[in-house]
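Trainee: Listed below are the residues making up each chain.
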Amino acid sequence: MDPITIVGIVGGILVCMIAAVWEGGNLLHLMEPSAFFLIVGGTTGATLASFPLSQIKEVMACTKWAFRKQPYELSTIVEVFVELATLVRREGLLMLENHPVKIDHPLLKRGLQLMVDGTDPNTLKEMLATQIATAEHDLRIGSSIWQTAGGFSPTIGIIGTVMGLVHVLGNLSNPDDLGPAISVAFMATLYGIAVANIFCLPISKKIASVAKVDAQVGELVVEGITSIQMGENPRIIEEKLLSYLDEHHATMMRARRAAGKDKK
Amino acid sequence: MDPITIVGIVGGILVCMIAAVWEGGNLLHLMEPSAFFLIVGGTTGATLASFPLSQIKEVMACTKWAFRKQPYELSTIVEVFVELATLVRREGLLMLENHPVKIDHPLLKRGLQLMVDGTDPNTLKEMLATQIATAEHDLRIGSSIWQTAGGFSPTIGIIGTVMGLVHVLGNLSNPDDLGPAISVAFMATLYGIAVANIFCLPISKKIASVAKVDAQVGELVVEGITSIQMGENPRIIEEKLLSYLDEHHATMMRARRAAGKDKK
Amino acid sequence: MDPITIVGIVGGILVCMIAAVWEGGNLLHLMEPSAFFLIVGGTTGATLASFPLSQIKEVMACTKWAFRKQPYELSTIVEVFVELATLVRREGLLMLENHPVKIDHPLLKRGLQLMVDGTDPNTLKEMLATQIATAEHDLRIGSSIWQTAGGFSPTIGIIGTVMGLVHVLGNLSNPDDLGPAISVAFMATLYGIAVANIFCLPISKKIASVAKVDAQVGELVVEGITSIQMGENPRIIEEKLLSYLDEHHATMMRARRAAGKDKK
Amino acid sequence: MDPITIVGIVGGILVCMIAAVWEGGNLLHLMEPSAFFLIVGGTTGATLASFPLSQIKEVMACTKWAFRKQPYELSTIVEVFVELATLVRREGLLMLENHPVKIDHPLLKRGLQLMVDGTDPNTLKEMLATQIATAEHDLRIGSSIWQTAGGFSPTIGIIGTVMGLVHVLGNLSNPDDLGPAISVAFMATLYGIAVANIFCLPISKKIASVAKVDAQVGELVVEGITSIQMGENPRIIEEKLLSYLDEHHATMMRARRAAGKDKK
Amino acid sequence: MDPITIVGIVGGILVCMIAAVWEGGNLLHLMEPSAFFLIVGGTTGATLASFPLSQIKEVMACTKWAFRKQPYELSTIVEVFVELATLVRREGLLMLENHPVKIDHPLLKRGLQLMVDGTDPNTLKEMLATQIATAEHDLRIGSSIWQTAGGFSPTIGIIGTVMGLVHVLGNLSNPDDLGPAISVAFMATLYGIAVANIFCLPISKKIASVAKVDAQVGELVVEGITSIQMGENPRIIEEKLLSYLDEHHATMMRARRAAGKDKK
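Protein chains in written order, with the working numbering: chain A, 1 to 264; chain B, 1 to 264; chain C, 1 to 264; chain D, 1 to 264; chain E, 1 to 264.
Hints listed in this document are in silico derivations from the structure and should not be mistaken for laboratory results.
Bear in mind the structure is a predicted one, so any value in this text is a computation, not a measurement.
Treat the hints with caution; some may be incorrect.
Note: identical chains are not told apart, hence a pair may lie in one copy or across any two.
To be verified - DMTMM-like cross-link-like pairs, simulated, lysine to aspartate or glutamate; straight-line CA separation at most 25 Å:
| hint | residue 1 | residue 2 |
| --- | --- | --- |
| 1 | K102 | E91 |
| 2 | K64 | D117 |
| 3 | K125 | D176 |
| 4 | K212 | D2 |
| 5 | K57 | E73 |
| 6 | K57 | D177 |
| 7 | K57 | D246 |
| 8 | K57 | E247 |
| 9 | K109 | D214 |
Looking at chain A on its own, in the form it has when it is part of the complex (with noise of 0.2 Å):
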């Protein structure tokens, strides 16, 4: 798993009681059950019903699929190309059914597939293009979901604390407890902004950083596959697939290959 986002969260908001405790406050008045209650209990509404049922349901598989570890890395993917396409020349298209893909990427399995099934090029690239599609799209409206719940938090957290607000104002009869009550109120706006900023606009803003690198790889993918499909020439393959990479990486991955031909 990608612990980037564990930790980024966890650390977020062990700061944030550092930083409390530091200033002399007590933890245990940052604790404040009702609001806690609000601000979940009426983002999470909110968010429910901005949303259709079928997608609410996939929310879960999405925010895991944008914490799982990247498998792989692009310049992996190229060589995989690149030795697929030198096999392929030598032996034809076929040779691939029996041949195992060292990487397990379901559009590069469904898109060898497809190849050795003999599907027309044109349909072929436009089968992975629209399954790059639906994922990302997928993957949007999973980052889209947590978004709106962090637009939702805070603007609850104020109606939290203008609610306490009203209730403190219309009773100033006994003026000692008014500090103490305002301070209750102003619970709730920081638990609506601290839930927001700290978990849901990470978690959404993650998913969306997933969801372009995807895209990214899958672009790389049907250009590789359409390659070889088309018999192209393997060290063209690599020039091709080079510009998906940095420069930095690209600049490695050939001299490697240099290094590769001197041996030889």
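Assemble the complex: chain A is given as a structure, and chains B, C, D and E must be docked to it using the hints.
Mentor: Here is chains B, C, D and E on its own, set in the frame of chain A:
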């Protein structure tokens, strides 16, 4: 009907009330008819002024549509298309005229009818694409009317609160009334934010989500109809349409097909 | 004239006044000429500075256009096209020269004229598309001028309030005047928000909505004219244009046509 | 020079001053050099840090351009093209070499020169399109520099006010100074909002508006030059270019032309 | 290195400090380690949680790139291309293999190498376009990481302030401590806004600006390489590439060329 929006809205309101009572507040103090009148009246006025009469008239129909239960799953539509494609291959296009379609999808029906009428493939595709765009456009207008209302509502609330504060500050002679008077002034802000976040914005987002889902289903239907008209292989059509499903459902359908073949 | 914008704006102002009186306020206390002068003057200044003179000159014409009553329904235009297509098929394009068109739509008129003049189909389509884009562009500028005003107005209000508070806070010698003085300072914020939300922003949104509707009607007109010029079947033209109507209206028109045929 | 931006900015500042005096304020109390230094310095620093040096260098040239008087009307350019097209039809393209063009539009001049040089139509069109895109791009950068400044200015103002409040709240020993000290702290917010809304944002919007107008004019010029190169009929060229004018101006020009023909 | 970002950031901080001292504040009162810890820690946590580990690792490299000095002017690249085009016309493409290029631009080098290798023009164009898109994409991710940090920072500041206020309001027993305690609470807001506006957001905008400049340069390079490969006339290539320069620089280069010809 898709119950989740009702559940979310009612749940959100209940959560706010429970939290208010939990903190020792009196729900009656949160009833302020003048503030409620201001928010609902002012928001309605500003929203009516923002759209042509013809669009305002459509908003309720459009909202009702967003609340409907999604009547069919993507996988059911794919199955229908595979079955139709098999029949058409065997018996020709005219067979469709007397064949009852399992699902009641207006775009699908119109597409099949146009196909039977012998409409030119490009014209047919263009007509269906226009119809999808029109439907999405109409839903988006409904969504943006509710979003506009949700944007005006909190600012009308601030107008109410500032008017209340101006009234209070101009009459400081009786300091005992100060607290309750300010409390009443804040009710407008409370209602403005609550109406926007628990009512208007969730409905707006729900309609927009439904618009996106409908457009995606429509794309699948157009792809399916075009492929049948082209006389493509049912197996290829299925693979094409499966690209519109998420991986989980696509894998399930492929497994079911494989199982079906084994039985034979 | 489309009365809904006037109704919405006047209604919004009335609602605010009624709510103010309801809460025991005095409407006279809400009249503050200096704050009104600041909001209107400052907003006008900042808005004038934001656009070229030529665009400022057009803003009133553009606003008046948005307030007009929509002069024809989409279904009427579809009927006109079906009738024209039938006539042209029977009597040839030149018949159009002496045939009065039922509806007064400038784009439609120009398109028919160009058709009679024997303009090349591609050139004709391009000309009409450019004209639609120009009209939409001009309306969007009008909308964005009002939106800019609606954006500046509340911040000018805050400038007024801060100036008032600075004045008040610098003269704390007489505490009795404090309340009314702060109250006056807040009037600028009140006016700033009210002018934006009850006046400028609704007008801006109305113009933008009208721009979208006009562009959609224009698209239908271009589709219709191109189809007539191609000499297409009136039945096909009708089906094509019905794709631009929502399902409800399209079904109604198909039913009416079917009824018409039965009578014959 | 287009005087409206200067009028708007100076007018906005005057309106603020008059309103301040009207409410009994003293303009001298609104002069706070330290706050002014903070806003101008801090905004400049943050804005400089946001752009490459090369773009910062261009901002003044770009601003001056936005303040120029629009040197020609769209209808004048259309007339020039009709005249040129008539001449070219009669005397051939080379005639353009010695023919002085009435209006001084760099894109028009370059286009005519390239046409005389015998540039290939596609290459010519591409060159002019690139030049329009470059010019629009440069103006947009200028606009976004001012917009960035207008975004930083109010937040720098809040920084100043919070710093002032921290200072005040840390020294509550002398309550008489409290009011004036808070008043001084608020000056930073006042300046921050005023600089953004009366100065930076209007200039940014003005430049963006001019960029849009220039791009639209450029489109018309490219259309005109391409049509002349194709040797199209002057009457068709006029109709084509009139599509870029709003209906009012287009109708006027058509009327004038009809009148001209009658005289002959 | 491009010094302007450093100058802007350091200058912004200095301006804030000078303004604070000018108004009689004590800089030591503005040092609050707990608030600084909260802002930096909380912002880092929320930002880490928002991106995959692989993207976080690249952010420093990406930031360093944005701070580099722009190594060449557009006009220099145009000159290089004109020279290369002249040589290639005279001596053929293979001449490029041993010809040192004056400027060190990785895309230009790769493009020339691919041209010498005899790559097919369409493939070459596609490869370079992909490489430009990849580079721009990577810079945009870097920019959006800083932007995300700049978005979280002020809200973490508000969390700190609300926590401080809750602490203060819960302990009103000693009114003398009230002022300084609130003052400390506000430090979190101050730091949150300052870190965002003087540090994170300018860096984010700088990276985004550099990404746009690089993409524009890349477009020019692709245009130049494609034109050379097509064997186009150096004079035409120059005119084509000059379209990417602003009018001032383009006019200068044309004047220089005319002068050069006169000398001959």
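Trainee: Now look at each hint and say whether the structure bears it out.
Mentor: Now the hints, each set against the structure:
1. Proximity of K102 to E91 under the C-alpha cut-off of 25 Å is restricted to the intra-copy arrangement: shortest distance 18 Å within a copy versus 45 Å between copies.
2. Taking the closest pair of Cα atoms, K64 and D117 never come within 25 Å of each other, the shortest separation being 33 Å inside a single copy and 46 Å across copies.
3. In this homomeric assembly, K125 and D176 never come within 25 Å of each other (Cα to Cα): the closest approach is 73 Å inside a single copy and 74 Å across copies.
4. In this assembly of identical chains, the alpha carbons of K212 and D2 lie at most 25 Å apart only when taken from the same copy (16 Å versus 31 Å across copies).
5. Proximity of K57 to E73 under the C-alpha cut-off of 25 Å is restricted to the inter-copy arrangement: shortest distance 14 Å between copies versus 30 Å within a copy.
6. When the C-alpha separation of K57 and D177 is checked against a cutoff of 25 Å, the pair qualifies neither within a copy, at 45 Å, nor between copies, at 50 Å.
7. Proximity of K57 to D246 under the C-alpha cut-off of 25 Å is restricted to the inter-copy arrangement: shortest distance 13 Å between copies versus 37 Å within a copy.
8. Only between protomers do K57 and E247 lie at most 25 Å apart by alpha-carbon distance; the minimum there is 15 Å, versus 41 Å within a single protomer.
9. Only within a single protomer do K109 and D214 lie at most 25 Å apart by alpha-carbon distance; the minimum there is 15 Å, versus 30 Å between protomers.
Checked against the numbered hints given earlier, this structure breaks hints 2, 3 and 6; the rest are met.
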